[in-house]
Each structure stands twice: as structure tokens, then as C-alpha cells.
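Student: Protein sequence lines, in the order shown, are assigned to chains A, B and C.
Here my numbering is used: position 68 in the first sequence is 68, and no number is missing along the way.
Here my numbering is used: position 365 in the second sequence is 1365, and no number is missing along the way.
Here my numbering is used: position 39 in the third sequence is 2039, and no number is missing along the way.
There may be inaccurate statements among the hints.
Stated by the list, open to error - Below, a list of computed lysine-lysine pairs in the DSS-like style, where the Cα atoms sit at most 30 Å apart:
no., chain 1, residue 1, chain 2, residue 2
1, C, Lys2298, A, Lys121
2, B, Lys1298, A, Lys331
3, C, Lys2331, C, Lys2298
4, B, Lys1331, C, Lys2331
5, B, Lys1331, B, Lys1298
Unchecked claim - Restraint ranges, calculated between C-beta atoms of paired labels, are given here:
no., chain 1, residue 1, chain 2, residue 2, range
6, C, Asn2321, B, Ala1004, 40 to 50 Å
7, C, Glu2008, A, Glu300, 44 to 54 Å
8, C, Gln2062, A, Pro106, 49 to 59 Å
9, A, Leu316, C, Asn2321, 20 to 30 Å
10, B, Pro1261, C, Gln2099, 27 to 37 Å
11, C, Gly2050, B, Asp1424, 44 to 54 Å
12, A, Glu311, C, Ala2201, 38 to 48 Å
13, A, Ala15, C, Arg2126, 48 to 58 Å
14, C, His2101, B, Pro1261, 38 to 48 Å
15, C, Asn2321, A, Arg126, 27 to 37 Å
16, C, Ala2005, A, Pro106, 24 to 34 Å
17, B, Ala1141, A, Pro202, 50 to 60 Å
18, C, Arg2327, A, Gly61, 11 to 21 Å
19, A, Gly262, B, Cys1085, 37 to 47 Å
Keep in mind that the hints were calculated from the coordinates and are not lab data.
Only a predicted model underlies this, so the values are computations on that prediction, with no experimental measurement involved.
Beta carbons: idealized from backbone N, C-alpha and C, even for Gly.
What follows is the residue order along each chain.
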Amino acid sequence: MLSAADNELLTRTNADTPMGQYFRRFWQPVALLDEIDEPDGPPVRVDILGEQLVLFRDSEGQIGLLERACPHRGADLFFGRNEECGLRCVYHGWKFDVQGHPRDLPNVPDGAGLHDSVRAKAYPTREYGGFLWAWMGPEEADVPPLPQLEFGRVGAAHRYVTKQLMECNWAQVMEGDLDTAHFSFLHMPAPSVPANTNPNAPADERRLRWIRNDPIPRFTVQEHEVGFVIGGERRAEDGQRYWRMTQYMLPSHGTGPSAMPGETYFGFTIVPVTDEACWMFTYAWNPEREIGPEERDKLEAGHGVIAALDENYRPLRNRSNDFGIDRDDQKHRTYTGVKGLAEQDAMIQQSQGFIADRTRENLTSTDAAIVRFRRRVIDAARALEAGDAPDAPWYADLYCTRPGSWFAADGTPLEDVMQERFGDRLGRIPVG
Amino acid sequence: MLSAADNELLTRTNADTPMGQYFRRFWQPVALLDEIDEPDGPPVRVDILGEQLVLFRDSEGQIGLLERACPHRGADLFFGRNEECGLRCVYHGWKFDVQGHPRDLPNVPDGAGLHDSVRAKAYPTREYGGFLWAWMGPEEADVPPLPQLEFGRVGAAHRYVTKQLMECNWAQVMEGDLDTAHFSFLHMPAPSVPANTNPNAPADERRLRWIRNDPIPRFTVQEHEVGFVIGGERRAEDGQRYWRMTQYMLPSHGTGPSAMPGETYFGFTIVPVTDEACWMFTYAWNPEREIGPEERDKLEAGHGVIAALDENYRPLRNRSNDFGIDRDDQKHRTYTGVKGLAEQDAMIQQSQGFIADRTRENLTSTDAAIVRFRRRVIDAARALEAGDAPDAPWYADLYCTRPGSWFAADGTPLEDVMQERFGDRLGRIPVG
Amino acid sequence: MLSAADNELLTRTNADTPMGQYFRRFWQPVALLDEIDEPDGPPVRVDILGEQLVLFRDSEGQIGLLERACPHRGADLFFGRNEECGLRCVYHGWKFDVQGHPRDLPNVPDGAGLHDSVRAKAYPTREYGGFLWAWMGPEEADVPPLPQLEFGRVGAAHRYVTKQLMECNWAQVMEGDLDTAHFSFLHMPAPSVPANTNPNAPADERRLRWIRNDPIPRFTVQEHEVGFVIGGERRAEDGQRYWRMTQYMLPSHGTGPSAMPGETYFGFTIVPVTDEACWMFTYAWNPEREIGPEERDKLEAGHGVIAALDENYRPLRNRSNDFGIDRDDQKHRTYTGVKGLAEQDAMIQQSQGFIADRTRENLTSTDAAIVRFRRRVIDAARALEAGDAPDAPWYADLYCTRPGSWFAADGTPLEDVMQERFGDRLGRIPVG
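Okay, chain A solo, but in the shape it has when bound (with noise of 0.2 Å):
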């Protein structure tokens, strides 16, 4: 439970709110490549953190990313020509390369002091993972390297990237993913569909049973600098253990807790769009093989933490038709009737409302991930308020973690876990 005052603190994020400057300090996703791959293509609208950007690659293959609104009268760029090197307002014909800098004023006489002066708002870029990235922070800050999340360093042919619209608050949308003892009734079959017992059974059926068998599971929080691992640990046959091991980044990396050796790891990251709305950019890697065609397809109609999407990258399933809820099949098959693991998330974390009234809760030991994150997060930008930058943007390397499940014997503690499962106590890979 939160106070009032916290639950804003947690939820806002437009640039004169603590969160919003906490936000800004990190690397944001953006856009897809995707979305701009055409060297003077069409400019993109890009509506992230309350701010009105536009997006273009220019003449040479350069991004920029600039306030929509021209700092002439303030037309939007939008409308804009993008032509030789430069995002041409069509007003007066105000020119800005990928940095912002005029680089035509055609009605502005020489001498008027303007050519020196004017300058659009401009935030740096990167492409990484099939993204390109933005950091929003202030212009006297430095710039820190880029987040080494795994999916972007392995190649191309290893992953498969994309977006979601989420129609809420960025912080419930993670706060469900932290939660990782929501598997054992969210994304179930119906109570009356029979678990398979058969020891022998596929791996998913046995993780079906002993997730629904145990439905809290013990959590042990691994904080370090740059967010925590989360253990879920749950009770599996001979004395074993099921542990899911989730990765939780600063600000707002998430990823699947599912995969095992050699399955294709889950992750995702939330920018808020305003308050009441965000993008989820999620992504599957597989450092061990390539994502051939079958599972590219699979991804693609909505796998895992990715929905099934339309051109614009909104869900199909989605709040205005209460996410394609079927009560006969929720009375006889599923637990909730929704298709899809990435809807189901979807559902019970808009359902919450745009942003969620956290003066009301009850909450239980399964929720002590969630309440970590909100201490960590609600401490950290009032820290940055006070004057206290965060260290987490500068140790980019350790970013590059990866989740998953593991047994172990009963009593096995998450360090010892994590060293089995991922050769490091933190499921760190190192970053050459």
C-alpha cells in the first residue's frame, strides 16, 4: 500500500515530476528500426515521457529525434520534408539537421541574430537490439553508454523484436511482471482441466503442475546495482525445488522467468507514453541458436510476452473489447478466458485502472518484488531530486543478464541457484 503522495511520485513521468527526471536519465527505447529504415523516408511521431518528438534518419543514415513543434511558430515537423540531411519545417522552410543546428533559415535575413540562436530541441540516439534509443536527460548532464541487455548483443538472427501500446500506467505493467506468483491462476488452464502427473511428461507440463500445485511460492529478492533478481521458488516432486528467476532493471526492464537451458530467453521494456498509456518494447533472444522462420512466425502472431498486434502496434485484443474475453471457455478451459499469455498480462494490469489506486491494497508475501521495486525506484528519484544522480545508467555492462527456471534440492539458496543455472550468483554475463 502506498500513500497518495507515492502513488504520484511512482506513476507520474512528464518532465517537471521527479519520476519523469528519474526517467530521463536512463536510455529509452523509442521506435523500431523498423520504423525508420529509409535514409529520407517519412518522418515518425514519436510520443514518449508527456514530450511530442519526431523521428527521421537523414540523407546519410544519421537519426534524429526532435521536438515536433518548429522553434519558429511552432508548426509541427511532423508535416516536414526530409531532404538532404536535414528535417525541413514546410512553414518557411526552417531546416534542422539530426543535432538540432539550423541548417537553413530561408526567410530569415542575415544578420538577424537567428542563425546563431535557434536550435530545436534535439536528443541523442543509438540503434541497439533493433531499437533505437533516446536519452531525455538534461543537457549539462553526461550521457551514459547503453544498456548492455543481452538481446542486443547477440546477432540480428538471434532475436526477434517489437512493440505493444499498453493502455495504462507504466508501473503497473511492471509491478506484473515482478509478480511473478500470478503464473499459478492468470495464465493457467481452467481449475477442471486435469494436470498431467505422469513424471515423465514434456517439461511444460510438469512446469504446469508444479506452478499450479504451489501457489506461493517463496520469493527471495538478490538486490545489486542496477535493479534485482527475483527467485520464485515452488515445490516440485522428490524433494526438488522449481525456481523462476526473473530480472528486474532500473527503471523499467523486465523479463519471462520461464525459459531453461537452451529455450528462447523473454525481456521487454516499458517507456511511458503519457501517464495512462506505454509502450512495452519486448523482445525473445536466443544466445544458442538462431530464431529460424517457424518460431519467427509463432513470435509473430503473439507469443510469450508479445501480443498478437495490428499495423499500428496495438494489441488486438485490447480494453475496448475487454480483451476478447470467452466465458464458456473460461468456465471450461482457461482461467481467464483470454487468448494469449502477453493479453492475459494485458487484462488484469489495465483492469487495474489507468493508473492504479494504490491506497487500497492488501498486499501478501508473494508481492515482496513489488514492493521492492516501488521502494527502489520512489527512493531513487528523490534522491535525483535532492541532487543525487543515480549510478545504475553508468554500470551498462551490468545490464546484460539473463531469467530463467532451474531445479535445485530443497534449501538451496537463489545465490547458489542463479551459479547453477547461469554460472553467475546474479545471472551476469560478461560483457567483453
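Place chains B and C on chain A using the hints.
Tutor: Same frame as chain A, but now just chains B and C:
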């Protein structure tokens, strides 16, 4: 004319308002029983008095009306599973019975204390007259008996019930009913359509003539414990008077005044959704005979206070299509060019705005009942605010009344007319 | 650049604002006469300056413009009956003539006093130039004569008039017109399209060359009693200058500056609907010849300041479809990829936001007329607020002016250019 402050008091009904608290001391219809006829069927969203609620019928046929936000972390119980005597949140399986008591908190360890402390906010409900009713008053207050409106006391075959959405504040719908002077205009044929002047014409045509020919009915208002009777008297032939009597019962029950003995009665109960929309729960009943298939078909197609509806109980002719106004029809055939008495009422009431501005009115003698209504509910809401809970809900039997038409010699006072027409000076029917 | 306070003052025009009061001292076009051509025809909704009004033509052809809320209880007179020299509310039959005087209050007893005191708020109207005009100033003020804009003084066969909805504040539409520097960009072909350099090319193609080749026109602004003339001077061949002269007349009349002698003139008058939308009442007129069927068809399809419209006078290419921008067309054929001069203007003006933020501009020399416009109307609105009513509405004859293009030798001052082109240094046409 009201002051701006009184208009606010009259029209605002959220939980933190005096009128909202006043409404909450009375039973409110919240759904048709047809909407929740199936045990363990799909939950139903109910938006009433600014609150978001969910309705479900459990395995044993009991009905629960709960706050929609799950007490755990606010997920929407509408998406929940209705199973084995409880509604279960699909996020973490919290399950509540119709009283809001937790039946299962599967992710909560024993001894965590939540099993005793957690409760879903639940409102008492009753089935009556084909509707589900709820009492949303404070927990510490005593729950009064159900108002014994006559349509609910006759056999199901003797009534027809439904509901319709009104896209405006509740009070202007109420006022439209209390002011029966508007029958001389709104519901008439075009002035160019001649009235049948034959003294032996059928009753309906004679009524039309009297109503049209006397546009200034004299109103008598007779107050009583749970509201008032309004008698509107018009000149008929042979020194007779044609009386139309409407029942107003606190806080928002109204009736149609047309019925002659043997004819079907019409009534409705208004329940605010938000301050800018409300439900009319409408009913037709005939204590003397069953409502046969033909009359039932006629009611279903829209008749009397019942509009032609779509599958979501929204009138087909509504704000978005200017109520289907046909200007040629208005010029030559009907007063409004809008088809249907209910739609004519809806058109004019909604045309006053989402919340009518009562600070700029010019009332006249035929608005007497409106003035009385406002004074009655505003005074009562203020009294409750000052600590004086209303008596009216406790006089449940006095809600069993009839409205209708009658003839009387000039000079007959209302109470004698009522006595002649209904055998009681207030139109009350004894409750056995 | 304006202060936030001045931007508010400039853009807000409801009745309780200084600019709203200023507008109300001038006649405003409120409808096309075509919309109310039929005596006793259907009433028409008019939303102007934040007020909800209803327009009707009575049995004798007189036009009434009344507040839409009936004085009785606020029912909407749009649903009223237009009959026998009055508009009748269908709730209780209250009927008002074009002056707002009650002609019938059929449910009001004689002697109730209302017959003398009740009045529907009515605004004086005049027919002029194919439009209906209204004067919405205070009742105690004198009503000025109609502004004698030339399009209204020529025969109906010499003009074409319509209106179009703009989804933004009125002032940015006005500013877009006053700044003719944007012709060198917004309305040009794509830069890759060569200009015709043949000195004997048709006038249109030569104009294009001069406009494109001199993107920093020198502006001269000549203020006068009812506005100002703006002359924009560009280099042409042979030491000549190409001048484009625009008329701005208080508070919101503008013109197209292209017409050479004999060509059809274009103009418009802006009327705020709300602060985030406005009507442009547009007109083309030719005092020297009739506008024939072919030119009329061209105008109806969208030409000059007139956009291609749907049946509700909303441009077909509008905000909701990004003004039909075609990026391929923008790259290879036109500067904007948007079809139609009016649509290009609408696109760029609306792209500044629903209400442009003028606190962050960087103005340059070609914005001279915009600066003058702002100072003129802001000062005048402030003066009115201080008790100093505007003179301009009383100089009705001075509104009869012409805009257009001309050539002159380098160094010729604006007033001489005007004298040469129009026979008057301000482009005024004597009113007989």
C-alpha cells in the same frame, strides 16, 4: 429557479455528496434479473451512483454485488471466475462470496492475518419485480425493507419490465415526469391534425382532445410520508373535469398518469449512473389481467414510458442521432417529429443539457410539482447531512400505489377524485 | 513571442473574456443563407463564440437567432417547431418571434407576469453577401452598420461563398493569412520541380518563380482605421518588384494576395466556434465579370482559400487523416504532399496545436504583420475592457477593399504601388 449551490446539491450523487448519501438510504434497482439469471454465469458490470460494481449469481443462486476492484491489488473482478459459491479474481485467485467474505486467498500464507481482515465491499441485494435491488447505505445503518411498488407484488405474468439509458442527469428525468402539463404539447399530434370532436369517440381520442384543449391544467399536490400525489385537472365535456394523477415516491420513482380503470399502469425508477447519465428502470403492470403476448410485443417494441432499445438497453433514437427527428413529420403529423412517447421525453429532457442549468429558469404554475420535488429532496438531503436520517425508506408499504386518470364534476377536490378512482385518497393499495 | 497572459487574451473569446467582448462589437457571419433558405424550415444549430444558438427563418422570411435554451426550463429550441412567425419549444409550447419576444406561452395563466418579463435572448441579424450576419454585443450598445466587404456589394452572380471548419483557435488561422512569406514554401512545388524561366511564360508560372526565388519578402504594413494593408515585395525580372498585398480588417477578415487585375479575389472571415475550433466563411468575388459555371465548379471542388468539403462543411482532408499527406508526392511533386492550397494552410495552422503556444516562438522579419496584428487586437481588447469601445465597427464603408498583386519598379513605396494597382493607397473602393 435554483441557486447554483442548490442545483449542485440536487444533481450530484457520488458517495461524497449529500444527495448521494440520501440516495444510498433507499433501495435502488441495479440490474434486470434477466441479466444474471444463470448460477455461475458471467459477472456483470454495474455502474451506479458513481461507483464501479460487479454483479454475480453464485452456484446456489445467491447474488453478490461487490466493488469491482479486488481488495488485493485492484484488478477488476469483472474479468473474474464465477465458480463454486464465489467470484474469484484471476490475478491471484482471491475468491469472495456474495457477502464479500474471502473464501480463498490461495497466495496468502496461513497466519498472515489477511484471512480475517480482508473484505470485498459488498452491498445487500434483493430480487423484486424482475429487478435486482441494492442497498448502498453505510454499514452501521439498519437496512430498510424493500419499497412495495405494486408492479413487484403482482405475478410475473402481470408485468413487463426493462431498463433504458438516459444520457443526462437523473433530476431532469424526474422533473419531466412530474410536470404532466407537457402532455398538451410534447406528445400531441401536429396542431394541423384535427381532434375527434365526436362525444362518442373512443376514450383515447377524447383524452387527446381534452389534453390538447386545456394546456394549463390546475395542479394539486398532496404530500405524504414517502412522496406526493400530483393531480392535474383539465376541462372535459358536460361540466366534467379530466384528471391525471401521478405518483412521485422518494427518491426517484415516477409513474405515467394515463391509465383508466382496467388499463395497464406504467412506472419507472431512476438510478444515477454518473451525474451525466442515469438508468430508467421501467415497468408496465396490470393487476387485473395478465399482460398477453400481443401487449408484450408492443411493449418490447417501445410503448408508453418504454423506448425502443438496442441490445445494451440504449434507446435506438438517442442523442447521437437527434432522436431520429423527422422535420416533415413534425410539420404535418406529430408535435415533435420524434417517434415514441418515451423518446419524446428523452429528447426534451436530454436537450436540457447533461446537467440542466436551473439558475436561469422562468417557472410557471404548471411547474408546481417540480418545485415541490426539488424542495422535498433538497431538504431531505440537507437533513441527512445534519444527522437526520430519512424515514421514508421505512414506510415500505406506502410505496404500493397506483396512478391514473379519472373524471369528476367541476369542483371535486383531488382527494375525492382519488377516493373515487382508487378507493383511497392517496391511491394506496393495502399491502396484505 | 507573447507572454502566456497575452496568448490567453488573444485566443479566448467566450463572453466573459476581453477578446470575446471585442469580437462581440463586430458583425459576425454565422451561417450560409443557403442553410436557412426556407420560411418555416428546420431550425439550424449555430455554435459561435462559445454560445449555443438556434437560427430560424419565420413564415414571413424574417430570420431569428436565439439562445438555444428555452427561457422556461432550458429545453433546446433546436427541436422546436418553426411555425406561424415564431419558434415554438415543444416542451410546453412557448413560442418566440425573431426578436425573442414571446408570442405564446400557452401553459402560463394570464396575469402571471411572465408575458411581460420573459424574453428569449435574441441577436440582431442581417443578410449580406450570401451569409447571415449577427451582432452579439451588449444590449445597451448601439448596433453598428454592416462592414461593406466588397464581395457582399457585387451581384450574387459575381461571387461564390461557403464556409469551412478549422479545428484550431481562430488566431493562428488569421496569422497564417497575414504571413504571406509562407507562399515561398508551403504552397510551392517540390524543390526538384524546375521553375519555368522563360520570361514569356504564363503569369502563374512566372509568379511561382518570383515567389520561390525570393523567400524573404520585405513587408510594409500600412495601418488604417479598420485594420492594415500588408505589402510583401519580392524581386522579379528587369529591376522590377513583384508585390503581393493582403488586407487585414478587424477583427478577423483576411484576403488572398494573388489576384492580378481582372482575376477573381479571395477572402474570408474567421468566427470562433470554441477556443479550439473556428469557422472560415470564405468568398471569391469578381467585380468585373460574373463567376461562370466552370469557375464555380472549380471553387466547389476546392480552390484558393476554399477547401474540398463534406456535407457538414468539414474539409475532406483534415486532422483525422493527416490532411491526406502523400509522402511520395511530397518528395517529388509538391512541397507538402497535401493537395489544395486551403488544405495546406489548414494543415500547417492546425499543426501548431489546438491553441498555439506563442511563448516559445522565434519570430523573424517576415512575421512583421503577425506582430502588428497581435498588438492591434490585444490593445483594442484591453481598451474595451477599460471602457473604450472600438471605433472600427462604425467605419463600415472602409471595409470595402481589394487585395492583390502588382509590379513596380524597385524602390516604389507601398502606397504608390497600391495607388497604381487599386487607384487608392489603401486599396479602398468607394462605397456609393
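Student: Going through the numbered hints above, which ones does this structure break? Give me the numbers in ascending order.
Tutor: 1, 2, 4, 10
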